[in-house]
Amino acid sequence: MITLEFIYVLMGLLLAGITLVSARDRTNRKRWKNTAFWGMYAVTFLFGSYLPHLASGAMVIAMAAVAGFGGLGKGDPDTTTQAERVESAGRLRNRLYIPALLIPGLALLGTLTLKKATLRGTPLVDPKQVTVISLGIATLVALAAAVALLRPRAATPVREARRLMDTVGWAAVLPQMLAALGALFALAGVGKVVSEVTTRWIPLTTPFAAVVVYALGMALFTMLMGNAFAAFPVMAAGIGLPLIVGRFGGDPAVVSAIGMLAGFCGTLMTPMAANFNIVPVALLELPDEKSVIRVQVPTALILLAVNTLLIYFLAFRR
Amino acid sequence: MHWFVLVGVVIVIVGFVLRLNPLLVVTVAGIATGLAGGLDLVAVVEAFGKSFIENRYVAIVWLVLPVIGLLERYGLQERTRELVSRVHAATTGRVLLSYLAVRQITAALGLTSLGGHAQMVRPLIAPMAEAAAETKHGDLPLTVRERIRAYAAATDNVGLFFGEDIFIAIGSILLIRGFLEQNGITIEPIHLALWAIPTAIAAFLVHGARLLLLDRRLAAQVEAARAEER
Chain Z
1 MITLEFIYVL MGLLLAGITL VSARDRTNRK RWKNTAFWGM YAVTFLFGSY
51 LPHLASGAMV IAMAAVAGFG GLGKGDPDTT TQAERVESAG RLRNRLYIPA
101 LLIPGLALLG TLTLKKATLR GTPLVDPKQV TVISLGIATL VALAAAVALL
151 RPRAATPVRE ARRLMDTVGW AAVLPQMLAA LGALFALAGV GKVVSEVTTR
201 WIPLTTPFAA VVVYALGMAL FTMLMGNAFA AFPVMAAGIG LPLIVGRFGG
251 DPAVVSAIGM LAGFCGTLMT PMAANFNIVP VALLELPDEK SVIRVQVPTA
301 LILLAVNTLL IYFLAFRR
Chain X
1001 MHWFVLVGVV IVIVGFVLRL NPLLVVTVAG IATGLAGGLD LVAVVEAFGK
1051 SFIENRYVAI VWLVLPVIGL LERYGLQERT RELVSRVHAA TTGRVLLSYL
1101 AVRQITAALG LTSLGGHAQM VRPLIAPMAE AAAETKHGDL PLTVRERIRA
1151 YAAATDNVGL FFGEDIFIAI GSILLIRGFL EQNGITIEPI HLALWAIPTA
1201 IAAFLVHGAR LLLLDRRLAA QVEAARAEER
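These protein sequences, in sequence, are chains Z and X.
Residue numbers for the first sequence, in our numbering: 1 to 318.
Residue numbers for the second sequence, in our numbering: 1001 to 1230.
Take every hint as true, because none was put in to throw you off.
Pairwise CB distance ranges, derived in the manner of DEER restraints: (1) Z:Phe69 x X:Glu1188: 49 to 55 Å; (2) X:Val1017 x Z:Arg247: 35 to 41 Å; (3) Z:Lys128 x X:His1088: 43 to 49 Å.
Dumping the calculated BS3-like pairs for lysine-lysine here, alpha-carbon to alpha-carbon at most 30 Å: (4) Z:Lys128 x X:Lys1050; (5) X:Lys1050 x Z:Lys33; (6) Z:Lys192 x X:Lys1050; (7) Z:Lys128 x Z:Lys116; (8) Z:Lys128 x Z:Lys115; (9) Z:Lys30 x Z:Lys290; (10) Z:Lys290 x Z:Lys74; (11) Z:Lys74 x Z:Lys30; (12) Z:Lys33 x Z:Lys290; (13) Z:Lys33 x Z:Lys74; (14) X:Lys1136 x Z:Lys290; (15) Z:Lys115 x X:Lys1050.
Think of the hints as simulated: they come from the structure by calculation, not from any bench.
Beta carbons: idealized from backbone N, C-alpha and C, even for Gly.
Just chain Z, same shape as in the assembly (with noise of 0.2 Å):
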């Protein structure tokens, strides 16, 4: 059966090549720093599983020690100038795309159908996994088709995926810190002070104050933690639960459903939500780390007005 685990040694398997090209790069000052950052991150992918987490957390607290003094470099990376991307751009036309195009189709077709497919009666794939089994299958299957396409040198693919993974750096791990401060977090019990902080200040004696709050409340805890997922247990059960469904009547499916949904509109514009605003940024190579932020706040501000309105009309519409 193909578990995450296989998707976790090819990630390895890449880090560790992107390792040795930072190691090779004499064009890096930093080369040193690059070449322990991302050896670390591959190492908790290839021996994460078996690692103990007391070992797992000292690298991940290195790894963050690297990037936070005096930070990882860039080399000059060996690939092709704009003149000979617009000829080969011009000779290889639409195949191009080919590659490309397989990625997500694969990923869909493999969403679809894997999660039936037998092998002698076990699974052949993880079911529960099989979204990110299929996108892994999906990739490689495109790399195959790329190199029989472009025909590169062997260690080409490794090259430029380190050149992008270099305009990433750091951003790229971190989603991955941030759930490690969520867990934190809730090991603290942070939601339960901030829950006790929001129901002790504010009154909340009439419904359509409640239905604020809850959704500002979904909204700012959201933008404080990175993520509606952590915000949304604190604001139901502080407010959403006792005050909306409990004392003034409200349907619970609506008050939790469209909070969800306030909570993504301070997901819009938190520097916390790595992933989505930050990691874009290096991604696109944008000077302003705040640039994709700034984009989405008129949209978050109008949908989260348009959210509020949304609760208080449909969970009293008895």
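Using the hints, position chain X against chain Z.
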């Protein structure tokens, strides 16, 4: 009340305001929160390691980098620009509006990994949106180019967030269902998913309208940026 545990929240806010390295800020905030919550240092480091390892799946998107990097090396973005520049009806706003629709619909069908910043936005969507603007306004000033890219990334986010909750088996719907069940309320996922539809429509109208307005404002922004460069 254990007010101390909020120290992590404070560190995160201060760190982002001072523009310190976020990876370091988050790590320090996590350690501080754990210690304030009464854990010892070993337990804090263990919690870090455990959660980091358990969440490795969020990094799977980086597996596409060899393919995307290789295709970029051979001119994928250049080919995309060339194709879009031939479609005269294409404007930045319309290109992004179409992507918003596709992203929302596929996410609503549970196909959340069909889009994304690494797989779609960098190699295809952002170059398409830039090329459409180039066809209209000629060579773009850098600030305008960056603005269009930011809009491309934002469109992927909005489409994903306000599409995926219509799908009954997505994480947030399952989380809500589990939470309500713990509190003695049983609701079928389909009922939760249905209530996500009004917001999905509103999101399409609001963000879509902003994308069409962007088309109008791009001309003025190109003018202004050029005047400033002179």
